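J.: Listed here are the chains, written in short residue letters.
2 protein chains.
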Amino acid sequence: MSDDVTRRQMLGRAGLLIGGATAFGFLQACGGSSSDDSTPPITEPPVTEEGPQVSQFPYEQHLPAGYQLQSASTQEAAYHAYYNGGCCHGTYSALLGELAQTAGAPFNLLPLDFGKFGGGGVAGYGSLCGALLGSVLVVNMVVSNATARAAIMTDLMRWYEEYPFPAYVPVAKNAKEDTGVTLDFSAANLVQLQRSPRSHLCHASVSGWCAANGVSATGGDKLARCARLTADVAGKTVEMLNTYLSSSAYTARPRDEVSAACVSCHPGTIATKPVASGMECATCHADKLGSHF
Amino acid sequence: MSDDVTRRQMLGRAGLLIGGATAFGFLQACGGSSSDDSTPPITEPPVTEEGPQVSQFPYEQHLPAGYQLQSASTQEAAYHAYYNGGCCHGTYSALLGELAQTAGAPFNLLPLDFGKFGGGGVAGYGSLCGALLGSVLVVNMVVSNATARAAIMTDLMRWYEEYPFPAYVPVAKNAKEDTGVTLDFSAANLVQLQRSPRSHLCHASVSGWCAANGVSATGGDKLARCARLTADVAGKTVEMLNTYLSSSAYTARPRDEVSAACVSCHPGTIATKPVASGMECATCHADKLGSHF
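Those protein sequences? They're chains Z and U, same order as listed. For the first sequence, position 268 matches number 267 in numbering that gives the first Met the number 0, and the numbering has no gaps at all. For the second sequence, position 43 matches number 42 in numbering that gives the first Met the number 0, and the numbering has no gaps at all.
Bound conformation, chain Z alone:
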């Protein structure tokens, strides 16, 4: 936990995304809706006669000098938001909520519920992990330097491939969490459940973790794992954005050595079996680890 964020502050931030009057007021202020997707918001549209506009993109230009996001409160908000709309909603609403609360317009003119489509790798398809997608969308909102923007996105996906999820320990357990949980997610035991996905795709990430832990991909254990993973990704995104915002630059970590060897023979520039990819190769192409001529 960072020194400048107390447990009470974190609970306060997280509470905004859990429910109740406080959350409703916040969602109204940010233009989101806490009701079903098909119900139009009942609030009056915000008056935006002056100040930063949504059209003035990207939004780094609207951040004050020296601006930094808070990590701990954003992670806790992401963990709770997962139970209210999935992994993409978790990172998206937590990161956007942090920006809306601390930087104002145009972040507070955007709908907080935009990320609900991305859960389970886009509508449950198993594609790009929704926690990554929610983060990528907010990174895209903020970062004005196109080279650094691509580097942050690449670095986030490469970090995800190797990170032993889940690592986050919630400050307060979500009320929905106990349903169907059979594994021990306590801080003392969490390391026993951890596994690196070796892929940025929801399909491989979820299926592999569930198989390794002997649980279904639809039960409470999967939810508890992905809620913590969502907080892990949100926290890493805060770290990356803060690094960029304090230096106006970002450099992605290099590819793993095995994948680097793959693309040394199969660069995108050749006409015979070129490979267009920045991801880890061996996860899906283990048969190519030896000689394959």
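What the hints contain is simulated information worked out from the structure, not anything from laboratory work. Predicted, not measured: the structure shown is a model, and the values here were computed from it. Hints may be right or wrong, so weigh each one.
[Claimed, not checked] Derived lysine to aspartate or glutamate pairs resembling EDC-like cross-links, with alpha carbons at most 20 Å apart:
(1) Lys-287/Z <-> Asp-255/Z
(2) Lys-287/Z <-> Asp-255/U
(3) Lys-287/Z <-> Glu-256/Z
(4) Lys-287/U <-> Asp-255/U
(5) Lys-272/U <-> Asp-286/U
(6) Lys-287/U <-> Asp-286/Z
Since the structure of chain Z is provided, determine the placement of chain U on it from the hints.
T.: Below, chain U alone, put in the same frame as chain Z:
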């Protein structure tokens, strides 16, 4: 080409995204920027004292009764926009541009350049095809019924896996297209270049097509293919959105038979090797097509 869209109208729409004074005016009106990502827009923010707001999400509520998107002009715009910012920018800016032009706010309050991050499967990583991602983001903006929204996204990705790209024939060839093109992309020869990706991922889609056609993944042929694919995806998205908008419902096509058989033994609900996925299985798991106990 649909009966109500003439060749001149299509060229006019497409021209908005190519360049010149017309495009600049349009981008200004829609709040986008035609300049480098790192340069803040020079336009004054639009006055949004009344009318639909960006916060009032999703935006189907702001569409007039009977609203339908135009396919042909959107496809041509997507094709040209590809050469100005990649595949995700192609579908995103063409679909959002169509909505902004024909339905107004809040679509015309959003930045047209938001999709440039997604090219090459998110910052060139080879993940979810950017043309799909740009379309998914706009589908998410429009569709208020969460069940139909997920069905459209699933259907679009499943359609993509099997579609023999590229199929679109531009009305007017983009000025940037001739650079490095060695294959014959004429309407008469296009069928010779077509290949179904069998994956919704940029990595497999691009690498497989380039290998099959004996070209690099970085040259003009790849660009010409992906520009046409971008138009194909934009057109399919228009068709899907129009189906939904005229019926308020949508049903995704079922999984392919092989994948359906895979998940009959490996449903997400079991604790031993559950599979979390909606995508085609055999593309990456060909070794599992026979007995694998």
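J.: Are the hints correct? Go through all of them and say.
T.: Going down the list of hints, with the structure as the test:
Distance hint between Lys-287/Z and Asp-255/Z is fulfilled; the C-alpha atoms sit about 15 Å from each other, no more than 20 Å. Restraint check for Lys-287/Z and Asp-255/U: the C-alpha separation of about 27 Å exceeds 20 Å, so the hint is violated. Taking the CA atoms of Lys-287/Z and Glu-256/Z, the gap is near 14 Å; set against the 20 Å cutoff, the hint holds. Among the hinted pairs, Lys-287/U with Asp-255/U is consistent with the structure: their alpha-carbon atoms are about 15 Å apart, no more than 20 Å.
A C-alpha spacing of about 16 Å is found between Lys-272/U and Asp-286/U, which places the hinted pair at or below 20 Å, so the restraint holds. Taken as a hint, the Lys-287/U and Asp-286/Z pair is honoured in the structure, with Cα atoms around 13 Å apart against an allowance of 20 Å.
Checked against the numbered hints given earlier, the structure breaks only hint 2 and satisfies all the rest.
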